[in-house]
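Using the hints, position chain B against chain A.
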Amino acid sequence: MANYQSIEHDVLVIGAGGAGIRAAIEAAEMGANVGLICKSLLGKAHTVMAEGGMAAALGNVESRDNWKVHFRDTMRGGKMLNNWRMAQLHAQEAPDRANELESYGAVFDRTPDGRILQRNFGGHLYPRLAHVGDRTGLEMIRTLQDKAVHTPGLQVHMECTIYKLLVNDGRVCGAVGYWRQTGEFVVYKAKAVVLATGGIGKSFKVTSNSWEYTGDGHAMAYLAGADLIDMEFIQFHPTGMMWPLSVKGILVTEGVRGEGGVLRNNKGERFMFKYVPEQFKKDYADTEDEARRWLDGDKTARRPPELLTRDVVARAINAEVKAGRGSPHGGAFLDIAAARSPDYIKRKLPSMYHQFKELAQVDITKDAMEVGPTTHYIMGGVRVHPETAESTVPGIFAAGEAAGGMHGANRLGGNSLSDLLVFGRRAGMGAANYAKNLKSAPALSQADVDATLKEMTAPLDRVDGENPYTIAQDLQELMQTHIGIIREEKEMQEGLEKLLKLKERASRVASNGTRAYNPGWNQALDLRAMLTCSEAIARAAIERKESRGGHTRNDYPDYDKELSKVNFLIKKTSSGEMGIRKEPLPQMPAELQELFKGESNATSQS
Amino acid sequence: MQPAKAETGTISRLMRVFRGDKNRSELKEFTIKQHPGMVVLDAIHQIQADQAGDLACRWNCKAGKCGSCSAEINGRPRLMCMTRMGDFEPGETITVRPLKAFPVIKDLVTDVSWNYEINKKIKPFTPKPKNADGTWRMQQYEIDRVQEFRKCIECFLCQDVCHVLRDHDKKSEFGGPRFFVRAASLEMHPLDTADRVPMIKDSLGVGLCNITKCCTEVCPESITITDNAIIPLKERVVSRYFDPLAVLWHKITGLPKQPRGGE
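In the order they appear, the protein sequences are chains A and B.
So in this note's numbering, the last one in the first sequence is 606, and the numbering has no gaps at all.
So in this note's numbering, the last one in the second sequence is 263, and the numbering has no gaps at all.
No lab work stands behind these hints, which were simulated from the structure alone.
For every residue, glycine included, the Cβ atom is placed at its ideal position computed from N, Cα and C.
Among the hints, a few may not be true.
Per the computed footprint, the stretches of chain A lying under chain B, defined by three or more beta-carbons under 8 Å from a beta-carbon of chain B, are [as the list claims (entries may be wrong)]:
hint	stretch
1	43-49
2	209-216
3	462-472
4	516-525
Simulated pairs of lysine-lysine, DSS-like, Cα-Cα distance not exceeding 30 Å [to be verified]:
hint	chain 1	residue 1	chain 2	residue 2
5	B	128	B	201
6	B	213	A	205
7	A	571	A	545
8	A	68	B	130
9	B	33	A	357
10	B	213	A	346
11	A	205	A	248
12	A	274	A	366
13	A	189	B	120
14	A	357	B	100
15	B	33	A	248
16	B	120	B	171
17	B	120	A	436
18	B	213	A	357
19	A	189	A	572
Label pairs and their computed distance ranges (CB to CB) [claimed, not checked]:
hint	chain 1	residue 1	chain 2	residue 2	range
20	A	350	B	9	54 to 62 Å
21	B	24	A	394	46 to 54 Å
22	A	462	B	9	52 to 60 Å
23	B	28	A	2	44 to 52 Å
24	A	593	B	50	52 to 60 Å
25	A	169	B	75	29 to 37 Å
26	B	208	A	341	38 to 46 Å
So here's chain A without its partners, still in its complex pose:
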């Protein structure tokens, strides 16, 4: 049997983006001995790519803003499927978390009176996003990183991939993984585990996500017996780069639209005016003139329709392309040059300016960008308790994109960075309290450890198996085609069949070389999580026979009244199959229901 290193922590945090680092800081400050696992180097996690900002009702730019308005925007954006309590905690606590980040050393852009500046974003009624140009995620991760390395009791483990959670007696007791640099195995013993592993975007062909985004936390929680929730809801960000092919999918921040960028089709028509859903009509401008006045600061004017929620804008671009009005490479034109001066664009959107100049040879201070939908975020995730972030398996906690419930059927831009801090902190607190109250950590099962190590070495022991890169590419092609932005029963059923065949092929995967820094072997091991999450997405998407938020079906284009009252839960059955069931939404208290008086979440979404 392979050798392995043993390490013990009270709390093991898996994932070192915003949620993971914040959780680790909280748990360590509460006195727990904490291990923080980074799949890459510290500071390179996906949070670094977040651009637009962090939503928090600070009320610095618009004094009418408060947590109730933010809560209402979030629920409406999520098409009322959000866990109301998570959305409430998020809206209430986000301002404290933004101020706290400033106390850790973050340097946000400023208002004229010296406070944190806030910008407009899709679905947010008021300017709400604390930001640093278009590199807010970098600011967040660097600030947290520097805080973490100076927090006593917190140990960082870089370039370490966790493959499996160990469960004994129905409780988590540790995890098995490997060091990427050497390929050596490592077994962590832990009283509590926080999953902060991000999302699943790497299972799609066109994505803004990096190699790390293979759904490790989602899959490990599921395999450990936890519930997953809302897995059918995937956010296709409306503005990814389209051309050249090699950069297709790379994110173009919503900040471009927040700063006044407009969308046009190949006829030069500003098409978003045609796509305002009924329930949002009273909040959005219906003429170009009104939209312009809003941009110039006229408080009586309503917001431009480019600032509708991401699901609506992505579907609109898709519809324009389908009707033959798309850009040369199958997208739409996004123009900021007409709205703002070159100096302003370079100051507020420096990375976008740089990115288009370097990668597409387009000067966005002069010309329009070509953009189209890209897989960006999964709303679904590990089902957690709103206050403690604990999953349905004792000792397993989850936060950030790995957790589900907070964003319902569609996430608002800017609500992710705030989610990371609000629920990262809560998960760290929940895990530290759990670990403190646990009399003794459950013992590890040696048989489990041995079986896991055997499974992990298998791809290197095989000769003449399937190429792991080919399987990953086939999966990306499959998910993009069958379970993509617009879905249909027959296509999805075919997709599911193909998925099950792909799973079969993946069991014969082989990698050459040794275990030391071997991306082929690493890819082979990531396939299990990618396939598990893809299957969960497919099964949930087939079950939800309606269109809502990030789940759009050709065969069921409208909201369904009954389905507006339920979430779909995925759980491993006792026979090891993937089970799916409906769960009624938790009841929102009357005083919060008041905020939605006269609105229905059962009306059509387009």
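Chain B in isolation, oriented as in the chain A frame:
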């Protein structure tokens, strides 16, 4: 290398990629299919998928934001994700090597852990108390300089190209440009109260920098490292330790920090 130009069609391209570890290594040749718009990182990924599954490289965002895929491309330290293949002549062989200033782990991956150790030595952000209204007020013009430093993506290209580290390997006496930028971002933060001047002089060894500006030249974020970070830090050290009037002022007032003018 030529300036960027429009590319048409797919061409065949010879690449030479460093393979091996600290004990044994070679430049291995691969022929790849170059599509329009492709960057060097795409070529490396193509080699991984079709020819050498175990070719090691680091990458994450593929958009110049995370600073993971640093390498030396035809001798120049660059991000692989931001280097377009079309910028090289069609017949030119593209050679990719790991960063020279750090020990090779495998192929294009180097051991950059020393940088993380240096960062730990820098005294963390130490803010002054909040105003009576519970906020800190800062004007945008006061933070413009600090925000420039905070654009750093920790790609370590500046560390790679710095003579003190690359040619003289003075890692035990010198922090390197990245950490002068880091120290400057704290020293010039309007809310910060800590004194890092002794550390900048002694453990970061700012005096060893002889201002050749190589770091500024390679910075993919265009941070003016030498002029805006290193020289002002050198000035602080000089006035604290070597300017008789400032030394006297410091002794009388006991104030560790210089007035903020001139930054």
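* To do: Measure nothing beyond the straight line between the CA atoms of residue 205 of chain A and residue 248 of chain A; if it is 30 Å or shorter, mark the hint as holding.
  => holds, 9 Å
* residue 189 of chain A and residue 120 of chain B: Cα distance at most 30 Å? -> The hint holds at about 26 Å.
* **Satisfaction of hint between residue 357 of chain A and residue 213 of chain B, Cα-Cα up to 30 Å** => holds, 25 Å
* With a Cβ-Cβ cutoff of 8 Å, does the stretch 516-525 of chain A contain at least three residues near chain B? -> holds (count 7)
* To do: Using the beta carbons of residue 28 of chain B and residue 2 of chain A, state whether their distance is inside 44 to 52 Å or not.
  => violated, 29 Å
* Pair hint outcome, residue 357 of chain A versus residue 100 of chain B [Cα-Cα no greater than 30 Å] -> Holds. Residue 357 of chain A to residue 100 of chain B sits at ~29 Å (cutoff 30 Å).
* Range hint compliance [Cβ, residue 350 of chain A to residue 9 of chain B, 54 to 62 Å] -> With Cβ atoms ~33 Å apart, the hint is violated.
* Asked: Between residue 213 of chain B and residue 346 of chain A, is the straight-line Cα distance small enough, at 30 Å or below?
  -> holds, 24 Å
* Status of the given 52 to 60 Å range, CB of residue 50 of chain B versus CB of residue 593 of chain A -> About 57 Å separates the Cβ atoms of residue 593 of chain A and residue 50 of chain B, which means 52 to 60 Å holds.
* With a cut-off of 30 Å on the C-alpha distance, tell me whether residue 189 of chain A and residue 572 of chain A pass. => holds, 24 Å
* Pair hint residue 120 of chain B and residue 171 of chain B, alpha-carbon separation not exceeding 30 Å -> holds, 15 Å
* **Agreement of residue 213 of chain B and residue 205 of chain A with the hint, judged by alpha carbon distance not exceeding 30 Å** => violated, 41 Å
Comparing the model with each earlier hint shows violations of hints 6, 20, 22, 23 and 25; every other hint is respected.
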